[in-house]
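Read top to bottom, the protein sequences are chains A, B, C, D, E and F.
Just so it is clear: in the first sequence, position 118 is 118 by this note's numbering, and no numbers are missing.
Just so it is clear: in the second sequence, position 32 is 32 by this note's numbering, and no numbers are missing.
Just so it is clear: in the third sequence, position 30 is 30 by this note's numbering, and no numbers are missing.
Just so it is clear: in the fourth sequence, position 54 is 54 by this note's numbering, and no numbers are missing.
Just so it is clear: in the fifth sequence, position 8 is 8 by this note's numbering, and no numbers are missing.
Just so it is clear: in the sixth sequence, position 98 is 98 by this note's numbering, and no numbers are missing.
FYI, nobody ran anything at the bench for these hints, they're computed from the structure.
Among the clues, some could well be false.
Cut-off 25 angstroms, straight-line C-alpha distance, at most; resulting in silico cross-link-like pairs (DSS-like, lysine-lysine) [unchecked claim]:
(1) D:LYS54 <-> D:LYS17
(2) D:LYS54 <-> A:LYS54
(3) A:LYS54 <-> A:LYS95
(4) B:LYS54 <-> E:LYS95
(5) C:LYS54 <-> F:LYS95
(6) F:LYS54 <-> F:LYS17
(7) D:LYS95 <-> D:LYS54
(8) B:LYS54 <-> B:LYS17
(9) A:LYS17 <-> A:LYS54
Here are the simulated distance ranges between beta carbons [to be verified]:
(10) E:ARG24 <-> B:LYS17: 24 to 30 angstroms
(11) C:PRO65 <-> A:ASP99: 34 to 40 angstroms
(12) B:LYS17 <-> E:VAL61: 20 to 26 angstroms
Every value quoted in this text rests on a predicted model; they were computed, and no experiment measured them.
All residues carry an ideal CB built from backbone N, CA and C; glycine is no exception.
6 protein chains.
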Amino acid sequence: MATSPLVTDEDAGPRVKAVFDDIRETRGTDYVNNFWRALAADPATLERTWQEVKAVMGAEVALDPLTRELLYVAVSATSGCSYCVHSHTAAARAKGMTDAQYGELLAVVGLAAKTNRLAEALQVPVDEAFLR
Amino acid sequence: MATSPLVTDEDAGPRVKAVFDDIRETRGTDYVNNFWRALAADPATLERTWQEVKAVMGAEVALDPLTRELLYVAVSATSGCSYCVHSHTAAARAKGMTDAQYGELLAVVGLAAKTNRLAEALQVPVDEAFLR
Amino acid sequence: MATSPLVTDEDAGPRVKAVFDDIRETRGTDYVNNFWRALAADPATLERTWQEVKAVMGAEVALDPLTRELLYVAVSATSGCSYCVHSHTAAARAKGMTDAQYGELLAVVGLAAKTNRLAEALQVPVDEAFLR
Amino acid sequence: MATSPLVTDEDAGPRVKAVFDDIRETRGTDYVNNFWRALAADPATLERTWQEVKAVMGAEVALDPLTRELLYVAVSATSGCSYCVHSHTAAARAKGMTDAQYGELLAVVGLAAKTNRLAEALQVPVDEAFLR
Amino acid sequence: MATSPLVTDEDAGPRVKAVFDDIRETRGTDYVNNFWRALAADPATLERTWQEVKAVMGAEVALDPLTRELLYVAVSATSGCSYCVHSHTAAARAKGMTDAQYGELLAVVGLAAKTNRLAEALQVPVDEAFLR
Amino acid sequence: MATSPLVTDEDAGPRVKAVFDDIRETRGTDYVNNFWRALAADPATLERTWQEVKAVMGAEVALDPLTRELLYVAVSATSGCSYCVHSHTAAARAKGMTDAQYGELLAVVGLAAKTNRLAEALQVPVDEAFLR
Numbered sequence: 001m002a003t004s005p006l007v008t009d010e011d012a013g014p015r016v017k018a019v020f021d022d023i024r025e026t027r028g029t030d031y032v033n034n035f036w037r038a039l040a041a042d043p044a045t046l047e048r049t050w051q052e053v054k055a056v057m058g059a060e061v062a063l064d065p066l067t068r069e070l071l072y073v074a075v076s077a078t079s080g081c082s083y084c085v086h087s088h089t090a091a092a093r094a095k096g097m098t099d100a101q102y103g104e105l106l107a108v109v110g111l112a113a114k115t116n117r118l119a120e121a122l123q124v125p126v127d128e129a130f131l132r
Numbered sequence: 001m002a003t004s005p006l007v008t009d010e011d012a013g014p015r016v017k018a019v020f021d022d023i024r025e026t027r028g029t030d031y032v033n034n035f036w037r038a039l040a041a042d043p044a045t046l047e048r049t050w051q052e053v054k055a056v057m058g059a060e061v062a063l064d065p066l067t068r069e070l071l072y073v074a075v076s077a078t079s080g081c082s083y084c085v086h087s088h089t090a091a092a093r094a095k096g097m098t099d100a101q102y103g104e105l106l107a108v109v110g111l112a113a114k115t116n117r118l119a120e121a122l123q124v125p126v127d128e129a130f131l132r
Numbered sequence: 001m002a003t004s005p006l007v008t009d010e011d012a013g014p015r016v017k018a019v020f021d022d023i024r025e026t027r028g029t030d031y032v033n034n035f036w037r038a039l040a041a042d043p044a045t046l047e048r049t050w051q052e053v054k055a056v057m058g059a060e061v062a063l064d065p066l067t068r069e070l071l072y073v074a075v076s077a078t079s080g081c082s083y084c085v086h087s088h089t090a091a092a093r094a095k096g097m098t099d100a101q102y103g104e105l106l107a108v109v110g111l112a113a114k115t116n117r118l119a120e121a122l123q124v125p126v127d128e129a130f131l132r
Numbered sequence: 001m002a003t004s005p006l007v008t009d010e011d012a013g014p015r016v017k018a019v020f021d022d023i024r025e026t027r028g029t030d031y032v033n034n035f036w037r038a039l040a041a042d043p044a045t046l047e048r049t050w051q052e053v054k055a056v057m058g059a060e061v062a063l064d065p066l067t068r069e070l071l072y073v074a075v076s077a078t079s080g081c082s083y084c085v086h087s088h089t090a091a092a093r094a095k096g097m098t099d100a101q102y103g104e105l106l107a108v109v110g111l112a113a114k115t116n117r118l119a120e121a122l123q124v125p126v127d128e129a130f131l132r
Numbered sequence: 001m002a003t004s005p006l007v008t009d010e011d012a013g014p015r016v017k018a019v020f021d022d023i024r025e026t027r028g029t030d031y032v033n034n035f036w037r038a039l040a041a042d043p044a045t046l047e048r049t050w051q052e053v054k055a056v057m058g059a060e061v062a063l064d065p066l067t068r069e070l071l072y073v074a075v076s077a078t079s080g081c082s083y084c085v086h087s088h089t090a091a092a093r094a095k096g097m098t099d100a101q102y103g104e105l106l107a108v109v110g111l112a113a114k115t116n117r118l119a120e121a122l123q124v125p126v127d128e129a130f131l132r
Numbered sequence: 001m002a003t004s005p006l007v008t009d010e011d012a013g014p015r016v017k018a019v020f021d022d023i024r025e026t027r028g029t030d031y032v033n034n035f036w037r038a039l040a041a042d043p044a045t046l047e048r049t050w051q052e053v054k055a056v057m058g059a060e061v062a063l064d065p066l067t068r069e070l071l072y073v074a075v076s077a078t079s080g081c082s083y084c085v086h087s088h089t090a091a092a093r094a095k096g097m098t099d100a101q102y103g104e105l106l107a108v109v110g111l112a113a114k115t116n117r118l119a120e121a122l123q124v125p126v127d128e129a130f131l132r
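Take these sequences, add in the hints, and give me the full structure.
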């Protein structure tokens, strides 16, 4: 249950409506997912967040769109955000993530979690070789 | 300063020596970094962890080696492990990560951290569309 | 589903009853929320935690009660505790948090999450100017 | 030691220089701290992050600037970002945080961390009363 | 709702079946819990993870099985994994955890969370006495 | 470098001095470590935190002192607090932690970190069998 109401199309004021319209046009779908409807309670945060998502996730520059989604899933699983894991796993599949790629993604996320905690517990000093 | 001594080649017993030798051969370098030297205080954990790293990070199956390193950096930055960030950023550069790719990696990690916390704060319910 | 039973008024022993009574009197409500009912399985932890909440959140000394609730929500969203987000968002609203204040709270939490991860990923050295 | 070089004024290209100039003018100081110099390796992320900081932390709308800095410190301590704790504690002091306020901030951060973990360990179900 | 299907006994291929059989035999129960059924979508990760769980949690060497489960619950509560908290609290109870022990476990987890955040917020320098 | 000054014996006011004296007497050592000296800037938080540490870590009730220190190290490594890892690893050694026990502690912490992230990534539903 959200701590804020989910803004419907009917309740959307002009600033919110403009963002919802842009989400629909950019993604080529009529569906506006709950994250944006929850954020819409604060139009300024909605606008800034959508602009950033569009800029970071939209244009293909140096990392392809699927790689960016895999990174998103990895961050979401690591920081323990259930909504984010669900939405970005679905997005990664929509962008072509295969079962084999998903399996490897999980293996890396799990391994990194383990070695991260071991390095923290041991307080391993950074090797000179890794400093620029 | 590590909470355990870093095991040198001279101090390494046969089980530790065998892992150090395999690290050197697998990576084609004489350098064994501090993480393995700290883990070496417990040969069983050293062996298991190295076997897993070799299996997960070594063979190219569905994700290329650079993508796996990018995922490792993303997890390490998200869980806040300084050693891990340093070592895997260096590894990603060694595997060809460009400055532009690093810039996008950071942009995704930062954006995902932001939207993760917003989704948590708002307790956004998962959309039906994202459930399998 | 809690991992421990929620202690009802009927099941409460004298130590638990004393804390429940103090919660009711201090807050001016008959309602004792689930967190305290779950903690009540261990009366010593219940007593210590309630005493601390009362001391830290109760008396207005240097920060007003609403600011303290906003900090509580910020920490809860950041560490990913669903129950805590719900209960302290409700508490903040009860203490007068407006929609505009909630919107700004979210904006700061999201921004701080983003810059935290960027600073971690970059391992930015602390400026001399920031050290006392 | 940062994983990226800190961009000096001399090395700054036109996009980076424009952000550095705006930071100086907005803050009324010649000092550009290391976070921005580290981010400057990727001008697009530098620009987006600075625009967001300026928008979220700059204008006083519903929460005063000191409250926003206290929230920033709370998130930074909670997510364990050393640089962020140092820089925003310094910023909070510059905006008038007293020792008494800092003491209460710490008390709330510590208390919230404790009750967050207890609520997680107990998996306390959300009270109906806390749902909108 | 899992992001992957839970593999039933009927759907299990030979590699998955071999792990499920070993889980049943090792634990002396016919019940294979959801974690393994979700992991089974990627047989390689299933095999590696089960081998590690068996090796780390199975043989009693220096820490008794109950202590290991308590540590597992402590890590799970700290990193905020609901499934892990439920499954390992149940496992700890099955291995003899008393209500008094559970109460103390919670008290330590809560206290450690609080002092961890205070130490982070204050950036306390490590005492010489604590370095090896 | 701490964000607050470390209070020396000379600078300690009567409330701080009383806590420092109790720390010395309770622990049977003249040494007061940096955590308490940093907390001392706010006597109320110092008093509350020391009382809680004394109550939770002091009396042996259901878990022995070494087990409680192991739990403290596990939480500290998981939440990424360098000071806490150092001080409680030292404390665990002082209470008799052997190298073999430390090795197993690390193995459980690493394994739990891994399976926690896998369970989060897969959003595994809690088995009926694990609910009370």
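*Under the criterion that the straight-line Cα-Cα distance not exceed 25 angstroms, is the pair B:LYS54, E:LYS95 satisfied?*
Given pair B:LYS54, E:LYS95 is violated - Cα atoms ~34 angstroms apart, limit 25 angstroms.
*asked:* Check whether the Cα positions of F:LYS54 and F:LYS17 lie no farther apart than 25 angstroms.
replied: At roughly 16 angstroms apart (the allowed maximum being 25 angstroms), F:LYS17 and F:LYS54 satisfy the hint.
_Next pair to validate is A:LYS54 with A:LYS95; report whether the Cα-Cα distance is within 25 angstroms._
Given pair A:LYS54, A:LYS95 holds - Cα atoms ~16 angstroms apart, limit 25 angstroms.
*Take the C-alpha atoms of D:LYS54 and A:LYS54, compute the straight-line distance between them, and say whether it is at most 25 angstroms.*
20 angstroms, holds
*Within 24 to 30 angstroms or not, the Cβ separation of E:ARG24 and B:LYS17?*
38 angstroms, violated
*CB of C:PRO65 to CB of A:ASP99, is that within 34 to 40 angstroms?*
Given about 51 angstroms between the Cβ atoms, the range is violated.
*Satisfaction of hint between D:LYS17 and D:LYS54, Cα-Cα up to 25 angstroms*: Distance of about 16 angstroms is within 25 angstroms: holds.
_Given pair status - B:LYS17, B:LYS54, alpha carbons within 25 angstroms_ = Holds. B:LYS54 to B:LYS17 sits at ~16 angstroms (cutoff 25 angstroms).
*Are the Cα positions of C:LYS54 and F:LYS95 separated by 25 angstroms at most?*
Not satisfied, since the Cα-Cα distance of roughly 34 angstroms exceeds 25 angstroms.
*asked:* Against the 25 angstroms threshold, does the CA-CA distance of D:LYS95 and D:LYS54 hold or violate the hint?
replied: Given that 25 angstroms is the threshold and the Cα spacing comes to 16 angstroms, the pair holds.
*Would you check the hint for A:LYS17 and A:LYS54, treating anything up to 25 angstroms between C-alpha atoms as holding?*
It holds: about 16 angstroms lies between the C-alpha atoms, which stays within 25 angstroms.
*So does B:LYS17 sit 20 to 26 angstroms from E:VAL61, Cβ to Cβ?*
22 angstroms, holds
In terms of the numbered hints stated before, the structure departs from hints 4, 5, 10, 11, listed from lowest to highest.
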